[in-house]
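Colleague: The lines below spell out each chain.
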Amino acid sequence: KQEVTQIPAALSVPEGENLVLNCSFTDSAIYNLQWFRQDPGKGLTSLLLIQSSQREQTSGRLNASLDKSSGRSTLYIAASQPGDSATYLCAVTYRGSTLGRLYFGRGTQLTVWP
Amino acid sequence: SAVISQKPSRDICQRGTSLTIQCQVDSQVTMMFWYRQQPGQSLTLIATANQGSEATYESGFVIDKFPISRPNLTFSTLTVSNMSPEDSSIYLCSVLASAKMGNTGELFFGEGSRLTVL
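Protein chains in written order, with the working numbering: chain A, 9 to 122; chain B, 886 to 1003.
No wet-lab data here; the hints were simulated from the structure.
Computed from a prediction, not measured in an experiment: that's the story for all the values here.
Some hints could be false.
Derived DSSO-like pairs (lysine-lysine); straight-line CA-CA distance at most 27 angstroms [as the list claims (entries may be wrong)]:
#1 A:K76 <-> B:K892
#2 B:K892 <-> B:K950
#3 A:K50 <-> B:K950
Okay, the calculated bits of chain B under chain A, using three or more residues with CB under 8 angstroms as the criterion [claimed, not checked]:
#4 927-939
#5 967-979
#6 990-1000
Part of the chain B face toward chain A, derived, beta carbon under 10 angstroms [said to hold, decoys possible]:
#7 I889
#8 Q891
#9 R895
#10 I897
#11 Q899
#12 Y920
#13 V947
#14 D949
#15 F951
#16 A982
No residue lacks a Cβ here, since even glycine has one placed at the ideal position from N, Cα and C.
The task is simple: from the sequences and hints, build the whole structure.
Modeller: This is how it looks when you write it as structure tokens:
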């Protein structure tokens, strides 16, 4: 069974902290991995996409890494801000699956307080 | 990226009724997808909708309950039929990045339609 697990389920930090969100997947035969942000009751915003051939991707204060051999990805958020408060979802496309058929983790609910 | 608009953004429905959700994309895309997010859960794929062919449903989802239309390359609808409280969820439309968007395999989502069934 192709599962995606995210740890921690929830995280509360003061503004300014650097933090790491973790994602693990059970099958190393992935096509790509995508990190999303979801605000309460809203849709998903794509943050970063890492192809299976890549080790990391960066966008502003966000950096995502991928280690296929260990089945892990991390999302690093630098200098966190209250506006970063949201649920962060990790999703995997596996090789052999239809592109667009994502397997999602349950997310990490992040709260950044001033 | 793609701009994806969904209607309605939210609705409260009575048990036994049906509701159709619309999804409009600002550019032509081959593949569109419908996902469901039940309260406190992560997202689950309902079906893949390609223009000109029948939708392909995931295990546990059937056409009679979730009929889908895909009349052209920028529009799709999902109907939730004979609703029960268990259908209360956020329903999200998504599209796969096209060649024009770089063919990266990236998936973009709409804002979602939040349905509450009483």
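Colleague: To test your reading of the hints: which numbers does this structure violate?
Modeller: Failing hints, ascending: 1, 10, 11, 13, 14, 15.
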